[in-house]
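**Q** Sequence:
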Amino acid sequence: MSSKEYSVEEQLKKTPALISIMDLLMSCDSHKDALLKVLSGISVPNKNYIDPIEVEIRDQHAYCFHVDGEPDGKPWYHDIRKFLASREYPENATNGQKRAFGRLQNHFFLNGEVLYRSTLDLGLLRCVNAAEATKLLDEIHAGTCRPHMNEFTLAKKILRAGYFWMTMESDSIRYVQKCH
Numbered sequence: 001m002s003s004k005e006y007s008v009e010e011q012l013k014k015t016p017a018l019i020s021i022m023d024l025l026m027s028c029d030s031h032k033d034a035l036l037k038v039l040s041g042i043s044v045p046n047k048n049y050i051d052p053i054e055v056e057i058r059d060q061h062a063y064c065f066h067v068d069g070e071p072d073g074k075p076w077y078h079d080i081r082k083f084l085a086s087r088e089y090p091e092n093a094t095n096g097q098k099r100a101f102g103r104l105q106n107h108f109f110l111n112g113e114v115l116y117r118s119t120l121d122l123g124l125l126r127c128v129n130a131a132e133a134t135k136l137l138d139e140i141h142a143g144t145c146r147p148h149m150n151e152f153t154l155a156k157k158i159l160r161a162g163y164f165w166m167t168m169e170s171d172s173i174r175y176v177q178k179c180h
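Each residue of the sequence shown is one higher than the one before, counting from 1 in UniProt numbering.
FYI, nobody ran anything at the bench for these hints, they're computed from the structure. Watch out, some of these pointers could steer you wrong.
[Claimed, not checked] No more than 25 Å apart at the CA atoms, straight line, and that leaves these computed lysine to aspartate or glutamate pairs for DMTMM-like:
(1) LYS98 x ASP79
(2) LYS157 x ASP138
(3) LYS74 x GLU113
[Unchecked claim] Derived DEER-like restraints, expressed as beta-carbon distance ranges:
(4) GLU88 x PHE152: 31 to 39 Å
(5) LEU84 x GLY162: 14 to 22 Å
(6) PRO90 x ALA130: 17 to 25 Å
(7) PHE152 x ALA34: 52 to 60 Å
(8) THR94 x THR153: 33 to 41 Å
(9) ASN92 x LYS156: 17 to 25 Å
(10) ASP138 x LEU84: 38 to 46 Å
(11) THR153 x ASN95: 39 to 47 Å
(12) ALA161 x LYS98: 27 to 35 Å
(13) ALA131 x GLU91: 23 to 31 Å
(14) PRO90 x GLU169: 35 to 43 Å
(15) GLY96 x ALA161: 28 to 36 Å
(16) SER170 x ALA34: 53 to 61 Å
Beta carbons: idealized from backbone N, C-alpha and C, even for Gly.
With the sequences and hints as input, model every part of the structure.
**A** Structural data, given as structure tokens:
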């Protein structure tokens, strides 16, 4: 056994997972020299090491677009309605926010003080504030519209009834979880 073969075999003893693969490859004489040449340049670490993955655990759930109420007393669509009425951007609006308002104007329609979201398949949906949304959830899930339904069916039924708010699906999920 040459010194190269010995150093490669010593390195392989440090990593047992490679031994079975190496035994298989070393059994074939035609590949033995090429394999030893490649492996002599590879350094095998002394220990198996995997970079740790940091996982952050939160005390409370985080919801995107979560709206329980309206802290400033204005509905979620106040800025959109104001922009459609007067073409004025909110104070301190960044360039990205201004572009977003430009894109939003294609999806919303203002009729007097009532804001509608236009959709291709459902027509115009009336935008509602947090108080109206809570009332709609109650009425459609358990009120006169009756049958208790799952969260996604509830959100779709509200859409078919002609109403819209940004957090409709997440609010429906939370409402049904509290109900059952």
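**Q** Next step is simple, just say for each hint if it's right about the structure.
**A** The hints, checked one at a time:
At most 25 Å may separate the alpha-carbon atoms for a hinted pair to count; LYS98 and ASP79 meet this at roughly 11 Å. With a CA separation close to 13 Å, the supplied pair LYS157 and ASP138 stays within the 25 Å bound. Between the alpha carbons of LYS74 and GLU113 the distance comes to roughly 13 Å, so the proposed pair stays at or under 25 Å and holds. Separated by about 37 Å at the C-beta atoms, GLU88 and PHE152 satisfy the suggested range of 31 to 39 Å.
The supplied range of 14 to 22 Å is met by LEU84 and GLY162, whose beta-carbon atoms lie about 19 Å from each other. A hinted range of 17 to 25 Å holds for the C-beta pair PRO90 and ALA130, which are about 19 Å apart. A C-beta distance of roughly 59 Å is found between PHE152 and ALA34, which places it inside the suggested range of 52 to 60 Å. Take THR94 and THR153: their Cβ atoms lie about 38 Å apart, and the range 33 to 41 Å holds.
Our hint of 17 to 25 Å for ASN92 and LYS156 is violated, since their Cβ atoms are close to 37 Å apart. At roughly 30 Å, the beta-carbon separation of ASP138 and LEU84 lies outside the given 38 to 46 Å, and the hint is violated. Remark: the range hint 39 to 47 Å for THR153 to ASN95 is upheld by a beta-carbon distance near 40 Å. Hint check: ALA161 to LYS98, Cβ distance near 33 Å, so the stated range 27 to 35 Å holds.
One distance hint, 23 to 31 Å for the beta-carbon pair ALA131 and GLU91, holds here, with the actual separation near 26 Å. A C-beta distance of roughly 26 Å is found between PRO90 and GLU169, which places it outside the suggested range of 35 to 43 Å. As the Cβ distance of GLY96 to ALA161 is approximately 34 Å, the hint placing it in 28 to 36 Å holds. For the pair SER170 and ALA34, the supplied restraint of 53 to 61 Å holds, since their beta-carbon distance comes to about 59 Å.
In the structure shown, a violation is registered for the earlier hints numbered 9, 10 and 14, in ascending order.
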